[in-house]
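Colleague: Sequence:
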Amino acid sequence: MMENDQSFKRLRFNPGETIFEEGDTGLVAYMISFGKVKLTRGVEGSKSHTLAEVGAGETIGELALFDDRPRMAKAVAMTATEVIEIAYDEFHQRLGVMDPIMKGIVLLMIKRVRHFTDEVIEEKSDRKIPPHA
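Position 22 of the sequence shown, counted from 1, bears residue number 22 in our numbering, the numbering being contiguous throughout.
Treat each hint with caution, since some may be false.
[Said to hold, decoys possible] Taking lysine to aspartate or glutamate pairs in the EDC-like style, the calculated list, with each CA pair at most 20 angstroms apart, reads:
#1 K36 <-> E17
#2 K47 <-> E22
#3 K9 <-> D89
#4 K111 <-> D68
In case anyone wonders, no lab produced these hints; they're calculated from the structure.
Throw the hints in and build the complete structure from the sequences for me.
Modeller: Right, here's the structure in full:
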């Protein structure tokens, strides 16, 4: 689908390079063409926690595009990585044709993912995470 579409911007990252930071405004999402990316979440005064390691065919940064909230994790390339950038406008154009009931279900699921992620990180770090703006 998107892998063959030349209208999408492709970006490459070296191992250790940051793709986006926790708390950033989410203006784009990324589909991983190749490579591996680590998603981590920090807690002030505590070490960061790994949420996931993702690879080719998976997307990162999409939650912020759905609910217009800051990014909930930091994404760092673990290996040489290429991503396809999905811009906010393109994402919302495609989302606009989604059935409203399904869109509501997806937004509810995203809210739950954010909530449960906060709970897991709080439990791991033994610290309270302030709610996202």
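Colleague: Each hint should be assessed against the structure and marked as holding or not.
Modeller: Hint-by-hint comparison with the structure:
{"no.": "1", "hint": "K36 <-> E17", "result": "holds (12 angstroms)"}
{"no.": "2", "hint": "K47 <-> E22", "result": "holds (14 angstroms)"}
{"no.": "3", "hint": "K9 <-> D89", "result": "holds (14 angstroms)"}
{"no.": "4", "hint": "K111 <-> D68", "result": "holds (11 angstroms)"}
The structure shown violates none of the earlier numbered hints.
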